[in-house]
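2 protein chains.
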Amino acid sequence: MEKIKLENLLELIENKKYKQLNEILVNYNPVDISELLEELDTKEQAIIFRMIEKSKAAEVFSYLDIDYQKQLVKAFTDREISQIIELMYTDDSVDFLSEMPSNFVNRLLNYVDSETRHDINQLLKYPKDSAGSIMTVEYVSLKEEMTVKEALAEIKAKAINSETIYTCYVTERRKLLGIVSAKSLIINDENTLIKDIINRNFISVNTNDDKEDVANLFKKYGFIAIPVVDSENCMVGIVTIDDAIEVLHDETTEDMNKMAGITSDDRSYINKSVWDHAKHRIMWLLILMLSATITGTIIANYEHAFSAIPLLVAFIPMLMDTGGNCGSQSATLVIRGLTTGELSFSDIFKIIWKEFRVSIVVGIALALVNGIRMMFMYNDLQMAIVVSSSLAFTIVFAKFIGAILPLLADKAKLDPAIMASPLITTVVDAFSISIYFKIATTFFKL
Amino acid sequence: MEKIKLENLLELIENKKYKQLNEILVNYNPVDISELLEELDTKEQAIIFRMIEKSKAAEVFSYLDIDYQKQLVKAFTDREISQIIELMYTDDSVDFLSEMPSNFVNRLLNYVDSETRHDINQLLKYPKDSAGSIMTVEYVSLKEEMTVKEALAEIKAKAINSETIYTCYVTERRKLLGIVSAKSLIINDENTLIKDIINRNFISVNTNDDKEDVANLFKKYGFIAIPVVDSENCMVGIVTIDDAIEVLHDETTEDMNKMAGITSDDRSYINKSVWDHAKHRIMWLLILMLSATITGTIIANYEHAFSAIPLLVAFIPMLMDTGGNCGSQSATLVIRGLTTGELSFSDIFKIIWKEFRVSIVVGIALALVNGIRMMFMYNDLQMAIVVSSSLAFTIVFAKFIGAILPLLADKAKLDPAIMASPLITTVVDAFSISIYFKIATTFFKL
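These protein sequence lines map, in sequence, to chains A and B.
In terms of my numbering, the first sequence has 251 at position 246, counting the first letter as 1, and numbering is strictly consecutive.
In terms of my numbering, the second sequence has 121 at position 116, counting the first letter as 1, and numbering is strictly consecutive.
Some clues are possibly wrong.
Identical copies carry no separate label here, and so any pair may be met within one copy or between two of them.
Unchecked claim - Calculated pairs, PhoX-like style, for lysine-lysine (alpha carbon to alpha carbon, straight line, at most 25 Å):
| id | residue 1 | residue 2 |
| --- | --- | --- |
| 1 | K225 | K61 |
| 2 | K154 | K130 |
| 3 | K48 | K24 |
| 4 | K163 | K200 |
| 5 | K161 | K200 |
| 6 | K148 | K130 |
| 7 | K61 | K79 |
| 8 | K48 | K59 |
Hints are computed from structural coordinates only; laboratory data are not their basis.
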């Protein structure tokens, strides 16, 4: 598949060669069209958008970033927008509507059919991070007494799109009894009864389950879709794998941001204003800056030490940086392990014991290298011993703190990602400076 | 679905209640069985493993961690192992075999049928990070002249498993002509010709394409499988979504590790020995420790300054930490943007301009808060001005360096993740200390 060049497209629009334009667009993947639209201005977007066949246009719309969706709807009438809403998957409509002002949503819902309105109103009620908020209500529901032939006819009648038909759900009075894959419908004789091929050992989630936990089930079991039931075990919708991948992706971005002390939202880097960027970064910077005052105060208390031996000051950056780096290594490994489910709080002693031994190995190695370097540069054995032993203690402490803080955060139902590098660095700094000056003053009898 | 309790299982094994055990296992998901096996010792594993129906056992084996696979095969004869190999997906067999000693592999391949042997040998040849290395050779291939009915019969004959049949591939002399989804086979009349429902606007990848790029296509387009062709455009296999999710997952872990200065491999935290943990962390720590010497040397050069005004030393940690934090915020945002494809090198000027404005806002805010704090604590306006202005310059520089280093790494075809926090902290430290003492010596005329 070749990519359309933006210039060619603009040329076709300008010269009103709509027939040619249509021929190009008809062969185009909705994802690629939505990407193209994001490069155009609103007027051109509207021209292209109106040319695309309605149900494909709805799909294109669902792939647009929310900022572009907001911009594009300004060019449309309420009736046009409501048509798009009806043709989109309910979960995509809800994603869009939940970002719009409520008077706009209410006005729009007057235009859509009552079933869609009901579904949308239902979905808008689920909490932001729940399975309910990412599920769609489009799925194929079968009865136990159906034959394979009838089941296939049912799919044909409902046929929505691939990911929503490859698993069908067998219900009785809305209670979920089991699942049947499209594969078993294809490979079994057409007179086979559904109840003979039903899989009753299925996994389902509840509307209120955390969406990240749901996404992790997809990763673990390799599902394409997973059924969502309410508190009475009635089938209410399905979560599909594309939404699960998006959840995993957003979760990773959020974790990485948190680990760097950034509050994040769903907007992209480029689309976010300078003020919003600054706002999302400043809080942690302030907290960390003010807590670094503690380390400063400790240093100020040892003024007599570095007034006597000024060289002591020269090793502060190396101690602080190495401590911070060692701490973030351990914190990163533990945080990632907790996110992926590989580690849990119950592993705490195993982790502490492992980190302790690792820190001994690393501490000795780094202390030796540093000692040798200092002997070369300053030829001062006493100073080398003071700095290298402080370094080794700092490393052991840093790895302990780096491993334990995320575990404690997890236990306290906080996101372990906030216990990452910056916070740990600050804690480790205070420790490393204290131990350093304590050792130095003792050793040099200051 | 209820979870089996480990104790109950062990009790059944001990009392040789194999019939009851079998009844439990038959209803169990292969993923859950493999998780259970990892809790048992080799003898118990072998008992359970031999009870499971052969093709399910092969699936269970493919979900085991490589360390457990290695352990388990010791309990089996070569013939038993070769049976498992034949029943597994080729990509899973290859994952396992590529971790085994080559004499073991060669001995084993004598037992498997010649087709499997050929496929495995082919796949073992693809480079480690290529699409070829994660693809499977099991897929349904159709001809243009077939009818829907014939196509469905072909699937029935081949029926392997869900994810591999939901997209079928239409070929002619092994050249890939187009794709047909199981959905269109179900919804179209049985006499429809494949050539009338074929989708020729498909996306395929090459065996040598980077597996991360392939995985990103799944995320972007929402595919369940993607065809892999060789350099002559002949169909050689497919990559399925479960493998794509695994690639995305491993890539994230690797990025997070790199950003914390850890060399990583595929083994889990718990399974890795202390020596390997130490080995994977020590290299970057050494590099960063030795480069921190530069900052130390700069400080040593200003001995006259802090001998005259010792209080100057107390602000070093705050300046260093804030610089490091500001730099890693920018670096994290840019690295993540590059990984997800949201940002690219061509955005460099947009990014620099945005970071510059953000750093001005953040710099002024932090400098003010710090200035006020210092006035309260020390009531020394001159000192407050020196520290706060150094802080503001440090922030602007840190955000510039944090944004630009990952972009340059990307341009140089290096992984931007190596340009993360630790390295940036070291660079920013040297700058912040220099600018601080430069301003202090000028201001206080030292």
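Against the structure, the hints come out as follows:
1. K225 - K61: between (32 Å within a copy, 16 Å between copies)
2. K154 - K130: neither (37 Å within a copy, 45 Å between copies)
3. K48 - K24: within (18 Å within a copy, 71 Å between copies)
4. K163 - K200: This pair counts as both: shortest intra-copy Cα distance 21 Å, inter-copy 24 Å.
5. K161 - K200: both (20 Å within a copy, 20 Å between copies)
6. K148 - K130: Neither. Shortest intra-copy (29 Å) and inter-copy (48 Å) distances fail the 25 Å Cα cut-off.
7. K61 - K79: within (20 Å within a copy, 55 Å between copies)
8. K48 - K59: within (18 Å within a copy, 61 Å between copies)
In terms of the numbered hints stated before, the structure departs from hints 2, 6, listed from lowest to highest.
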